[in-house]
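If you read the protein sequences in the order shown, they are chains A and B. Under UniProt numbering, residue 340 is the last one in the first sequence; the count climbs by one each step, no gaps. Under UniProt numbering, residue 340 is the last one in the second sequence; the count climbs by one each step, no gaps.
Simulated from the structure, these hints should not be mistaken for lab results. Check the hints yourself; a few may be wrong.
Calculated cross-link-like contacts (lysine-lysine; reagent style DSS-like; alpha-carbon spacing at most 27 Å) [unchecked claim]:
id: 1; chain 1: A; residue 1: Lys273; chain 2: A; residue 2: Lys175
id: 2; chain 1: A; residue 1: Lys22; chain 2: B; residue 2: Lys182
id: 3; chain 1: A; residue 1: Lys273; chain 2: B; residue 2: Lys192
id: 4; chain 1: B; residue 1: Lys4; chain 2: B; residue 2: Lys333
id: 5; chain 1: B; residue 1: Lys164; chain 2: B; residue 2: Lys122
id: 6; chain 1: B; residue 1: Lys184; chain 2: A; residue 2: Lys164
id: 7; chain 1: A; residue 1: Lys184; chain 2: B; residue 2: Lys164
id: 8; chain 1: A; residue 1: Lys255; chain 2: A; residue 2: Lys212
id: 9; chain 1: B; residue 1: Lys182; chain 2: A; residue 2: Lys273
id: 10; chain 1: A; residue 1: Lys175; chain 2: B; residue 2: Lys333
id: 11; chain 1: B; residue 1: Lys273; chain 2: B; residue 2: Lys256
id: 12; chain 1: A; residue 1: Lys264; chain 2: A; residue 2: Lys254
id: 13; chain 1: A; residue 1: Lys184; chain 2: B; residue 2: Lys273
id: 14; chain 1: B; residue 1: Lys307; chain 2: A; residue 2: Lys256
id: 15; chain 1: B; residue 1: Lys122; chain 2: B; residue 2: Lys4
id: 16; chain 1: B; residue 1: Lys57; chain 2: B; residue 2: Lys88
id: 17; chain 1: B; residue 1: Lys256; chain 2: A; residue 2: Lys212
id: 18; chain 1: A; residue 1: Lys88; chain 2: A; residue 2: Lys105
id: 19; chain 1: B; residue 1: Lys212; chain 2: A; residue 2: Lys273
id: 20; chain 1: A; residue 1: Lys264; chain 2: A; residue 2: Lys105
id: 21; chain 1: A; residue 1: Lys182; chain 2: A; residue 2: Lys212
id: 22; chain 1: A; residue 1: Lys182; chain 2: B; residue 2: Lys175
id: 23; chain 1: A; residue 1: Lys81; chain 2: A; residue 2: Lys333
id: 24; chain 1: A; residue 1: Lys192; chain 2: B; residue 2: Lys164
id: 25; chain 1: B; residue 1: Lys175; chain 2: A; residue 2: Lys192
id: 26; chain 1: A; residue 1: Lys175; chain 2: A; residue 2: Lys122
id: 27; chain 1: A; residue 1: Lys254; chain 2: B; residue 2: Lys255
id: 28; chain 1: A; residue 1: Lys212; chain 2: B; residue 2: Lys273
id: 29; chain 1: B; residue 1: Lys175; chain 2: A; residue 2: Lys256
id: 30; chain 1: B; residue 1: Lys22; chain 2: A; residue 2: Lys184
id: 31; chain 1: B; residue 1: Lys182; chain 2: A; residue 2: Lys175
id: 32; chain 1: A; residue 1: Lys333; chain 2: A; residue 2: Lys307
id: 33; chain 1: A; residue 1: Lys182; chain 2: A; residue 2: Lys164
id: 34; chain 1: B; residue 1: Lys57; chain 2: B; residue 2: Lys81
id: 35; chain 1: A; residue 1: Lys175; chain 2: B; residue 2: Lys88
id: 36; chain 1: B; residue 1: Lys4; chain 2: A; residue 2: Lys184
There are 2 protein chains.
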Amino acid sequence: MPKKYNVCVLGATGMVGREMIKVLEQRNFPVDKFLPLASERTAGQKVTFQNKEYTVKEATSESFEEMQIGLFSAGAKISAKFAPEAAKRKCIVIDNTSHFRMDPKVPLVVPEVNPEALKTHKGIIANPNCSTAQMVLALKPIYDAVGIERLVISTYQSTSGWGKEAIAEMYEQTKALLENPKAKIVPKYIFKQIAFNVVPQIDSFVDNGYTKEEMKMINETRKILGDEDIQITATCVRVPVAIGHAESVNIKTKKKISVEAVRKLLATFPTVKIVDDPSMGEYPTPIDCVGIDDTLVGRIREDISQKNGIEMWIVSDNLRRGAALNAVLIAEKMIEDSLV
Amino acid sequence: MPKKYNVCVLGATGMVGREMIKVLEQRNFPVDKFLPLASERTAGQKVTFQNKEYTVKEATSESFEEMQIGLFSAGAKISAKFAPEAAKRKCIVIDNTSHFRMDPKVPLVVPEVNPEALKTHKGIIANPNCSTAQMVLALKPIYDAVGIERLVISTYQSTSGWGKEAIAEMYEQTKALLENPKAKIVPKYIFKQIAFNVVPQIDSFVDNGYTKEEMKMINETRKILGDEDIQITATCVRVPVAIGHAESVNIKTKKKISVEAVRKLLATFPTVKIVDDPSMGEYPTPIDCVGIDDTLVGRIREDISQKNGIEMWIVSDNLRRGAALNAVLIAEKMIEDSLV
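Please work from the sequences and hints to get the whole structure.
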């Protein structure tokens, strides 16, 4: 009988936390004891795992005493506080927040892309930003084949990336505007009206005029691909979609690669699926990716504006692939490699 | 007393046609006789101009006999048929369809950008695609100052660009999904579900994997800026917005230009307005541009991924700036230059 592990989910009541619990269940992850945790604010709520109802407990340093794997998604501050406490108690933390991602001592991992980085772990592993995770999956086989010199990215990111309150806000605004097109909309979670609108701001601005979200995509992509020389620029935009991020990615490769060769590489890369037959009206849209593991790639074409260029359109479930699934895949890979 | 002109609007019942009539009225265009025209399908409907109701007449070649200026927006086929008939009868055609845009004998004009092209007209002047018009306005002062080598464009285009049926479709789908999140959506005008989704296809595909819309942006931008050497790539995406196109534009200039210099240039360029103060949460979104003449530019920043790069976000009312206003501005410029 395979070994089983004591697993806790910190942030169990959030969108990503709930998706983590669902993924653990769906993948039959070898869970022995299961412990859902949250901050004081939402502790006491109920969650269901393998047909059993659990009361979510408030996290304390002692919560991690008997745990072996901790999936964290309760915000950067809570990770900053509890991840070292968990690691000290031999509970390996797979952290979905941004807090440790750029820490040189913490591996930042998409298991299909840079599993080798897991070997260097010191108790904490970081899960990348959702928009980064799906993009590096589609880039990795191209990077390995011909190298990547530069990326120009524009994103179409769903409201779930900003939490369940942001989805609710989108639906509320939409209802109000359908009832009265002149309804006064006061934004609360998303920076501007998101219903029937698009908002070119995700997270706050930094000094160079980029947003934190844009800088995450730039810095995390370099760290995951292990190449600080890739030149990257990004514009991250919130769109009125519930779940599923889309990305328009313009790639300058180091050596020439044909569209056919790109298709062949992507076709065999794990958890990437090509949806790309313009003549049949086939390309992925956000609603196509909801609840599935695969990252969908379409609109693959030779960039007519530069010598070694490829254009592509990458779509993935940001809660699942970009967060919950990635965390569980990391845990599975660590078990496989006897790192737990 | 200034001279007045007999003006007809062909396609008077469509979204752009109605906006043309509104713009003629709002700008006090010197109209003597006014004649609203349409195809057989919608002739007979009523429109109002300067507080007077008109019955829209079915267009025939003879409709243009006494007309001096014809604003056309009834589809490429109707323009192909009637524009030469009108021109033959000394009615100058300002055509909003794609039919004549790339004809080397037909000037393609954004009046603030290349008014000199009007002088070569032979009776027909083409109005550019809406997404091209707003972009070249923001690019022109940069082009003149330091030259442009390459553009990487991703668009966020509203449903009104595909006609009033597409807006109605968006609202219908939205209502259906709010009532029942599992409602079966059958797309009709837009290629895929547009409510709570984004669709990376505008117009049909051509052989190189780009869409016609993308190729229009590429070819028309070169023609208007008069520079076939600018390298351009574009990904055009439909978003669930009613009116207002947004564009994420990455610019490689020939010579280095600072963000401050770009701001100064744009600040004095006609019909361009800078809305760009990240520290105050200021940047334009589609709902901000509806019904106004100005093209709004924000998120102006130095592109950290290349030596001479600028990133910007361009937002404009596609019906007004991208179509109706541009056509009327062309007519005004021709009057000013005694070309009518």
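Results for each hint:
no.: 1; hint: A/Lys273 x A/Lys175; in the structure: violated, 35 Å
no.: 2; hint: A/Lys22 x B/Lys182; in the structure: holds, 20 Å
no.: 3; hint: A/Lys273 x B/Lys192; in the structure: holds, 19 Å
no.: 4; hint: B/Lys4 x B/Lys333; in the structure: holds, 14 Å
no.: 5; hint: B/Lys164 x B/Lys122; in the structure: violated, 32 Å
no.: 6; hint: B/Lys184 x A/Lys164; in the structure: holds, 24 Å
no.: 7; hint: A/Lys184 x B/Lys164; in the structure: holds, 24 Å
no.: 8; hint: A/Lys255 x A/Lys212; in the structure: violated, 31 Å
no.: 9; hint: B/Lys182 x A/Lys273; in the structure: holds, 25 Å
no.: 10; hint: A/Lys175 x B/Lys333; in the structure: violated, 44 Å
no.: 11; hint: B/Lys273 x B/Lys256; in the structure: holds, 23 Å
no.: 12; hint: A/Lys264 x A/Lys254; in the structure: holds, 18 Å
no.: 13; hint: A/Lys184 x B/Lys273; in the structure: holds, 24 Å
no.: 14; hint: B/Lys307 x A/Lys256; in the structure: holds, 22 Å
no.: 15; hint: B/Lys122 x B/Lys4; in the structure: holds, 21 Å
no.: 16; hint: B/Lys57 x B/Lys88; in the structure: holds, 20 Å
no.: 17; hint: B/Lys256 x A/Lys212; in the structure: holds, 25 Å
no.: 18; hint: A/Lys88 x A/Lys105; in the structure: holds, 15 Å
no.: 19; hint: B/Lys212 x A/Lys273; in the structure: holds, 26 Å
no.: 20; hint: A/Lys264 x A/Lys105; in the structure: violated, 35 Å
no.: 21; hint: A/Lys182 x A/Lys212; in the structure: violated, 33 Å
no.: 22; hint: A/Lys182 x B/Lys175; in the structure: holds, 17 Å
no.: 23; hint: A/Lys81 x A/Lys333; in the structure: holds, 26 Å
no.: 24; hint: A/Lys192 x B/Lys164; in the structure: holds, 25 Å
no.: 25; hint: B/Lys175 x A/Lys192; in the structure: holds, 22 Å
no.: 26; hint: A/Lys175 x A/Lys122; in the structure: violated, 48 Å
no.: 27; hint: A/Lys254 x B/Lys255; in the structure: holds, 24 Å
no.: 28; hint: A/Lys212 x B/Lys273; in the structure: holds, 26 Å
no.: 29; hint: B/Lys175 x A/Lys256; in the structure: violated, 47 Å
no.: 30; hint: B/Lys22 x A/Lys184; in the structure: holds, 25 Å
no.: 31; hint: B/Lys182 x A/Lys175; in the structure: holds, 17 Å
no.: 32; hint: A/Lys333 x A/Lys307; in the structure: violated, 38 Å
no.: 33; hint: A/Lys182 x A/Lys164; in the structure: holds, 26 Å
no.: 34; hint: B/Lys57 x B/Lys81; in the structure: holds, 16 Å
no.: 35; hint: A/Lys175 x B/Lys88; in the structure: violated, 52 Å
no.: 36; hint: B/Lys4 x A/Lys184; in the structure: violated, 42 Å
Violated hints, listed in ascending order, are 1, 5, 8, 10, 20, 21, 26, 29, 32, 35, 36; each of the other numbered hints is respected by the structure.
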